[in-house]
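Q: In the numbering used here, the protein residues as written are 1 to 392.
None of these hints come from the bench; they were simulated from the model. Quick caveat, the model's predicted, so the values are computed rather than measured. By construction, the Cβ of each residue, glycine as well, lies at the ideal position given by its N, Cα and C atoms. Heads up, a few of these hints could be off.
[Said to hold, decoys possible] Computed Cβ-Cβ distance ranges for the label pairs, DEER-style: (1) Arg359 to Gln123: 27 to 33 Å; (2) Ile330 to Lys172: 36 to 42 Å; (3) Arg352 to His275: 47 to 53 Å; (4) Ser43 to Arg92: 34 to 40 Å; (5) Ile238 to His366: 46 to 52 Å.
[Claimed, not checked] The list that follows gives simulated cross-link-like pairs (lysine to any residue, SDA-like), each with its CA atoms no further than 25 Å apart: (6) Lys90 to Leu163; (7) Lys308 to Glu272; (8) Lys66 to Ser93; (9) Lys308 to Arg363; (10) Lys308 to Arg359; (11) Lys125 to Met79; (12) Lys90 to Ala199; (13) Lys172 to Ala255.
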Amino acid sequence: MPDPPDNSGDAARLTTPKAAENIQGSSSFLASDLQTLRVSLQSIYDGLAVVDTQGEFIIFNPAAQKILGLGALPGGPRMWPEGYGLYRPKGRSLYPPDELPLARAMRGDTVTNCEIWVRRSSQPKLTILSVNAAPLQNANGLVLGGVAVFRDVTRQKQLERQLRVERDTLKKLLEAREQERTLLAYDLHDGLLQDIVGAEMILSGLQAQCEGFAPSAAQELSKASDSLRRAVCEGRRIISGMQPMIVDDHNLVEALAALVDDFSRDTSMQIEFVHFTHNSQVSRQIQATLFRILQESLTNAIRHSETKNIVVLLTELPAAIQLEIRDWGIGFDPKHLPKRGVGLRSIRDRTRLFGGRCRILSRSEHGTRIVVRFPLQSATESLDGQDASPLD
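Work out the full structure: start from the sequences and follow the hints.
A: Put into structure tokens, the structure is as follows:
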């Protein structure tokens with residue numbers, strides 16, 4: 001067999017003089033295992049640091065030096081915060097030496113996903129680290145030191161922050177849009193619609209006095225009056241669709257029930273609304289979102305499903321509010337959205353934007369089931385986009 005490669009040069013770059021003494025001395029630090037690790041540490045992208053019980057570095061791989069901008073520092077944990085420029089998140093204060101993940105690992109603790117900011121005068125550009133650390137133990141469980149693996153997540157954090165800003169902006173735009181629609185609905189109701197109602201009343205009065213009119217004139221008056229009555233009904237329908245009928249934080253059930261009633265009157269479908277709620281407060285933001293989702297879902301079902309029956313179910317779960325819309329129509333393949341896909345995507349996007357989860361289940365000739373769920377904490381307080389719901 002060929003001789004093994006000579007990795008002595010790599011080992012020299014990955015250890016300190018103190019480490020060499022520990023490995024060759026009586027520390028029983030499993031030197032052969034560490035030597036095996038050194039062969040592969042040159043190529044990994046994550047920083048890796050291993051220390052003994054005194055906090056002296058035994059392994060400090062090239063990625064660790066690249067990420068931190070410095071090599072292995074002597075002196076143990078007390079030298080690391082100032083030497084490497086390690087700060088608590090937000091960068092207001094240096095990380096206390098004893099609380100650093102690797103220092104905790106030396107005491108037997110396991111640390112996962114600890115965020116540390118790195119900044120110093122010689123390296124002013126901010127670096128954000130995600131650090132995992134664990135104790136290094138022998139077969140008997142004796143702690144011989146600690147190991148830390150860390151990576152640069154600066155770009156990831158920047159993208160997450162940008163996403164949060166964009167999502168907050170979109171939320172505000174949607175809220176502004178709802179306010180504009182509500183104001184426009186009020187203007188239509190108090191202005192244009194009232195004028196139409198007034199004109200219809202005038203024509204009705206003229207009809208009562210048209211005994212001496214020519215038959216054709218009386219007929220035209222009747223047509224005009226009918227047209228105005230239809231205009232009033234259409235105006236009220238438009239206003240109802242523009243303005244979620246939600247007056248306060250306790251009115252979600254009434255709002256959805258009224259919406260279902262409006263759709264039922266305008267179609268030949270049988271639409272049933274069932275609710276199991278406990279009067280929990282739900283924010284106006286989530287109420288409006290549920291209202292729009294139901295509005296879009298019913299519109300899609302009426303236009304495309306060819307069903308005669310629709311069931312709407314509002315349920316308050318232990319930690320969530322859930323809305324389900326089900327029909328028994330022709331269905332479709334959710335993986336290949338039909339022309340109505342824009343509406344379905346709108347439902348998904350609205351749900352995710354406000355911290356919820358959405359499932360769209362459908363099969364040809366077996367109908368469609370749309371389920372949206374919002375965590376009650378997100379539905380009652382400000383949203384941060386987190387969701388512990390198991391619903392995908």
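Q: Each of the hints needs a verdict: does it hold here or not?
A: Evaluated hints:
1. For arginine 359 and glutamine 123, the Cβ-Cβ distance of about 47 Å falls outside the hinted range of 27 to 33 Å, so the restraint is violated.
2. In this structure the supplied range 36 to 42 Å holds for isoleucine 330 paired with lysine 172, their Cβ-Cβ distance being about 39 Å.
3. Hint check: arginine 352 to histidine 275, Cβ distance near 24 Å, so the stated range 47 to 53 Å is violated.
4. In this structure the hint that serine 43 and arginine 92 lie 34 to 40 Å apart at CB holds, the actual value being about 36 Å.
5. The hinted window of 46 to 52 Å between isoleucine 238 and histidine 366 is violated, with their beta carbons roughly 34 Å apart.
6. Proximity of lysine 90 to leucine 163 is assessed by CA-CA distance (about 18 Å); at most 25 Å being required, the pair is judged to hold.
7. For the proposed pair lysine 308 and glutamate 272, the alpha carbon gap of about 11 Å is at most 25 Å, so the pair holds.
8. With a C-alpha separation of about 23 Å, the suggested pair lysine 66 and serine 93 falls inside the 25 Å cut-off, and the hint holds.
9. Straight-line distance between C-alpha atoms of lysine 308 and arginine 363 comes to about 17 Å, which keeps the hinted pair within the 25 Å bound.
10. The hinted pair formed by lysine 308 and arginine 359 meets the criterion: a straight-line CA distance of about 22 Å does not exceed 25 Å.
11. The hinted pair formed by lysine 125 and methionine 79 meets the criterion: a straight-line CA distance of about 21 Å does not exceed 25 Å.
12. Pair hint lysine 90 plus alanine 199 does not hold up; C-alpha atoms about 65 Å apart against a cutoff of 25 Å.
13. Taken as a hint, the lysine 172 and alanine 255 pair is honoured in the structure, with Cα atoms around 22 Å apart against an allowance of 25 Å.
When the structure is compared with the earlier hints, violations turn up for hints 1, 3, 5, 12 and for no others.
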